Each structure stands twice: as C-alpha cells, then as structure tokens.
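Based on the sequences and whatever the hints tell you, model everything.
Going by our numbering, the letters in the sequence shown line up with residues 1 to 407, in that order.
It is possible that part of the hints are untrue.
[What the hints assert, rightly or not] Calculated cross-link-like contacts (lysine to aspartate or glutamate; reagent style EDC-like; alpha-carbon spacing at most 20 angstroms):
#	residue 1	residue 2
1	K195	D13
2	K54	D42
3	K195	D142
4	K195	D138
5	K124	E287
Since the hints were made in silico from the structure, they are not lab data.
Here the structure is a predicted model, which means the values were calculated and not measured.
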Amino acid sequence: MARADTLTLIPLDRVAYHLQLDPWHFNGVTSNYRRNAFACDDTWYQHDWQASGKLSRESIATAMRQAEDIVARYLKWYPLPVWLEETVELPKYYKTERINYYNAIGGSKSVTTSYGFVQDVGRKTSALVDTVATVFSDEDGDGLDETVTITVVTTVTDEDELHVYYPGKSGEDSWEIRPVDSITIAGGTATIVFKKYLIPLWTEVEQVPQDGDAHIIISGDNNANFLQTVDVYRVYASPSEHITFTYDPSLGDCTTVPCAESTATGCLFVKNSRLGILAYTRADWDEDTEQYTRKYFNSPPVKGTIYYRAGARDLRSSFPNRQMDQSLERLIVFYGLSLLDTELCGCANTRNIWNYMTEDLTRVTDEGSHIVNWEDTRNSLGVTTRASLLLWKYIQNIRLTKSQNMV
1 MARADTLTLI PLDRVAYHLQ LDPWHFNGVT SNYRRNAFAC DDTWYQHDWQ ASGKLSRESI
61 ATAMRQAEDI VARYLKWYPL PVWLEETVEL PKYYKTERIN YYNAIGGSKS VTTSYGFVQD
121 VGRKTSALVD TVATVFSDED GDGLDETVTI TVVTTVTDED ELHVYYPGKS GEDSWEIRPV
181 DSITIAGGTA TIVFKKYLIP LWTEVEQVPQ DGDAHIIISG DNNANFLQTV DVYRVYASPS
241 EHITFTYDPS LGDCTTVPCA ESTATGCLFV KNSRLGILAY TRADWDEDTE QYTRKYFNSP
301 PVKGTIYYRA GARDLRSSFP NRQMDQSLER LIVFYGLSLL DTELCGCANT RNIWNYMTED
361 LTRVTDEGSH IVNWEDTRNS LGVTTRASLL LWKYIQNIRL TKSQNMV
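Pasting the structure below:
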C-alpha cells in the first residue's frame with residue numbers, strides 16, 4: 001500500500017493514477033510480468049533517502065495534506081467526510097427558564113460546526129472484527145497473482161463501516177489499506193477485494209540500499225513478500241457520545257473544593273447538513289435501552305465539545321464516503337504537486353503532465369510568456385501555477401453554486 005506517516009484524504013495510489021504511473025512501480029513492486037523495462041525509471045520509494053534525488057511517497061503525502069487542508073479552509077467543508085471533534089461556545093440566554101428547551105425565538109437550541117456537509121453525529125469508534133488470511137489469485141490469467149480476497153464473518157450490515165488495515169496497527173488511520181475494489185456482505189459474511197500491490201511487507205518497503213546497489217525492488221512474483229493476514233475493523237459513529245457540556249467552575253463552591261469544570265452529556269440532531277447546524281439537548285445515554293433519556297440543565301453550560309463526521313460526498317461514486325469527486329481530486333493532486341520543492345522523476349508521459357500543471361503562468365522566459373487575467377494571479381492558494389489557478393476557479397465557482405451530486 002502506498003501509505004505514509006502523513007494521513008491524506010486522497011489515497012496516494014490515486015495520485016499515481018492521475019500522474020499515469022504504473023501502480024505496481026509506484027508501490028515499489030516489479031515482476032516478470034510488470035517489469036520496469038524502460039530507460040526512464042518510474043520505481044518509487046518510501047523515503048527520499050532511499051534514492052538520492054528522487055521524490056518519495058512520504059514527500060508526496062506531505063504536499064497532498066497541505067493542499068487538502070488549504071482547500072477545506074477556503075471551501076468551509078472537506079472534499080471527503082472526515083471525523084472531527086470541536087469545542088464550541090453555546091448560545092447565552094436572557095431568560096433562565098429557557099435554558100432547557102428553546103432558544104429566544106422558540107426554536108431548538110443549536111450550534112454551527114466549523115465545516116459543512118455534516119454526515120453523522122457521534123465520536124469515531126473502531127472495533128476489531130477479526131484478523132483474517134489473505135487469498136491471492138490471478139484473475140486475468142497472465143501468470144501474476146494481482147488480486148487479494150478476504151472473507152470475514154460479521155454482524156455488520158453496512159459495507160461503509162468495514163475497513164481493512166495492516167495487522168497489529170490497532171486500526172490506525174495511516175495504516176488503512178485503500179482503495180479497495182469492492183465490499184459485499186451476504187449471509188453474515190463480508191467479502192473484500194483489493195490489489196496485491198497495496199500490501200507489501202513493511203520490512204520490504206523500508207529496505208536500506210546496499211553498497212553497489214542503488215535499487216530497492218520488491219518482487220511481485222513471490223507472494224511471501226506480501227501480507228498473509230490483515231485486520232478488519234468496524235468504524236462507526238458512537239451513538240453514546242454526541243456532545244459533552246461544560247459548566248462554568250465559578251458556579252461551584254470554591255471555598256470547600258478546588259475550582260474545576262463540571263460536565264454533562266447530551267445528544268445532537270442534524271438540522272441542516274450543508275450548513276452544519278446541529279440541534280442539541282441535555283440527555284444521558286442508557287446502555288440497556290441504547291437510547292438517550294432527556295435530562296435538565298442545572299445551570300447554563302458555557303461550551304460544548306461536539307463529535308461529528310463532515311465532508312462532501314460524491315453520489316456517483318461506489319464509496320461516497322471514501323472516494324472524492326474525481327474532478328476535484330484531480331485539481332487537488334496537481335495543486336499539491338506544485339507545492340513541492342523537488343522535481344518529479346518519471347517517464348515522458350508523467351513528466352509532460354507534471355510540467356504542464358506545475359508551470360508558473362506569471363513567469364516570463366526567453367521562450368515566451370502567458371496572457372493571464374490579473375485577478376487570477378491574485379488567488380489565495382499561494383502559487384501561480386496552472387494547477388493552482390484552475391483549482392482557485394473551481395473554489396470560486398463552487399462557493400456560488402453547490403454541485404447537485406454532492407450531499
């Protein structure tokens with residue numbers, strides 16, 4: 001798996017897709033059937049130090065994360081659902097009798113999240129379903145086992161809640177195996193299919209170059225070089241943790257006990273997903289009934305910590321919560337690449353894409369210059385490459401009108 005310590009919304013293998021890189025070579029894997037036989041070397045490495053002068057997957061991840069965060073800041077929503085925890089100030093009331101039920105105009109009390117397109121409320125929770133064996137197969141009959149299939153017995157009925165990870169990593173996000181090809185659940189058994197090049201042994205990925213040999217090659221012909229087991233987790237929004245209210249410590253008796261904040265729990269309801277408006281009420285979770293029981297505020301809380309998942313979903317995708325709108329994904333990828341301070345190595349097709357999208361349109365050279373609208377050069381993305389100007393126009397357009405395919 002093309003993973004990195006820096007977690008990105010866009011799987012790094014999708015970066016390889018947009019750069020027209022061989023996904024096997026991008027993951028550092030070659031074989032007799034996927035040889036790197038060209039004069040140009042498009043085999044990638046995990047770290048810059050593993051191949052002097054070459055761009056690594058870790059460097060790509062850092063640039064992608066920077067680009068994604070910048071885009072989310074300007075759009076006020078993430079281009080893919082993410083789990084968030086946020087502390088917000090709660091509305092103040094001029095009539096104390098209203099603190100338990102209504103706001104000043106008689107409506108439900110509510111708060112607004114920092115990011116729109118709220119999909120779920122509740123704290124992110126992970127639970128191990130099982131550790132299962134990987135089964136390798138040659139689906140196209142070319143002599144290379146390129147496909148991995150796993151099956152796991154589960155009570156989970158929502159395919160979106162099942163995620164696959166490197167074993168022994170406690171379901172840490174940066175170790176998720178993605179993107180998967182398919183997830184199907186039938187008769188209490190989930191079947192998950194993905195590509196073999198996503199799961200090389202990490203000891204193979206982090207090899208140290210040896211004297212006299214500058215290349216680190218993972219053989220794709222030997223299945224022993226890949227994970228024999230993987231962890232399957234259920235990832236979902238905890239129904240028992242929506243919001244935690246905090247009370248002003250000055251309301252306590254500071255003469256007998258140390259001043260300390262006190263807290264209480266509550267539940268949330270999504271009033272407006274697009275704008276991130278959440279209604280709240282004081283309530284306690286009942287483990288027996290698995291429901292909230294309404295309670296009363298003893299005094300007005302001053303703030304609340306809310307747990308939710310927010311981000312736009314592309315309903316044209318097979319996995320709307322995992323696959324970004326491809327037009328926006330493409331723009332973010334190339335914008336992220338233009339933030340790098342190292343040039344990309346690769347074959348002609350990749351170099352042509354790189355040079356075109358990262359070209360500075362305000363630069364005047366002996367070969368000529370570009371006619372660029374002055375307003376376009378004043379975009380807030382920090383650089384004046386072709387990729388950044390295209391992305392900025394997208395952001396400006398989408399601020400005015402929401403795509404009907406995003407929810």
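Here is what the structure says about each hint:
1. K195 to D13: holds (11 angstroms)
2. K54 to D42: holds (10 angstroms)
3. K195 to D142: Distance ~15 angstroms between K195 and D142 Cα, so the pair holds.
4. K195 to D138: holds (11 angstroms)
5. K124 to E287: Given that 20 angstroms is the threshold and the Cα spacing comes to 18 angstroms, the pair holds.
No hint from the list above goes unmet by this structure.
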